[in-house]
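Chemist: Sequence:
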Amino acid sequence: MNLIKKLKNIHQCKECELLETDLSETNLNGADLKNANLQGADLSCAYLFRAILTQANLSGADLRGSDLGNADIRMADLREADLKGADMSEADLSGADLSGADLSYGDLRWVDLYRAQLRDANLSYADLTGADLSEADLSGANLKHADLSRVDLRGANLKDANLTGTNLKDVIKY
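Going by our numbering, the letters in the sequence shown line up with residues 7 to 180, in that order.
Everything labelled a hint here was simulated from the structure, so no lab data went into it.
Cβ atoms here follow ideal geometry from the backbone N, Cα and C, with glycine treated the same way.
Errors might be hidden in some of the hints.
Here are the simulated distance ranges between beta carbons [stated by the list, open to error]:
{"#": "1", "residue 1": "Thr170", "residue 2": "Ser30", "range": "32 to 40 Å"}
{"#": "2", "residue 1": "Gly36", "residue 2": "Gly161", "range": "43 to 51 Å"}
{"#": "3", "residue 1": "Asp176", "residue 2": "Lys11", "range": "31 to 39 Å"}
{"#": "4", "residue 1": "Asn35", "residue 2": "Arg160", "range": "45 to 53 Å"}
{"#": "5", "residue 1": "Lys11", "residue 2": "Lys175", "range": "45 to 53 Å"}
{"#": "6", "residue 1": "Arg160", "residue 2": "Glu21", "range": "31 to 39 Å"}
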């Protein structure tokens with residue numbers, strides 16, 4: 007059984023090599039993709055609710071409009087990934103590398119980004135209400151018009167970040 011068919015049937019493909027694979031609009035809710043290599047894959051509009059993507063390589067992947075709500079994405083590589091308009095609400099991205107990623111217009115409410123790397127990431131117009139960004143590196147990030155209300159920014163690096171028009175109501179910063 008080929009990997010894509012296996013993935014669609016049993017929703018498990020740990021450590022799979024799925025480089026540049028087209029999985030757009032695929033239902034992968036709850037799928038176990040721990041340590042999978044999805045570099046450059048097309049996961050646009052994919053359903054990944056509660057998926058396990060711990061330590062997965064999603065660098066350069068297209069995740070525009072995908073549903074990653076409640077997903078476990080800890081320590082994953084999402085450098086330069088396109089997550090524009092993605093629903094990542096309540097996902098765990100602690101320790102993930104999102105350097106240069108596009109998260110603009112995304113739903114990141116209550117997301118865990120503890121110690122995440124978000125250098126030069128685009129978070130413009132994203133809703134980060136209640137997110138944990140403690141000890142995250144947001145240097146050079148674009149947070150223009152983002153909603154950071156009730157966000158935990160303790161120990162976060164915001165050097166050279168663009169905060170123009172950003173909602174900082176009730177931010178935790180100490």
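Chemist: Does each hint fit the structure? Answer for all of them.
Modeler: Quick rundown of the hints versus the structure:
| no. | hint | in the structure |
| --- | --- | --- |
| 1 | Thr170 with Ser30: 32 to 40 Å | holds (33 Å) |
| 2 | Gly36 with Gly161: 43 to 51 Å | violated (33 Å) |
| 3 | Asp176 with Lys11: 31 to 39 Å | violated (48 Å) |
| 4 | Asn35 with Arg160: 45 to 53 Å | violated (33 Å) |
| 5 | Lys11 with Lys175: 45 to 53 Å | holds (48 Å) |
| 6 | Arg160 with Glu21: 31 to 39 Å | holds (35 Å) |
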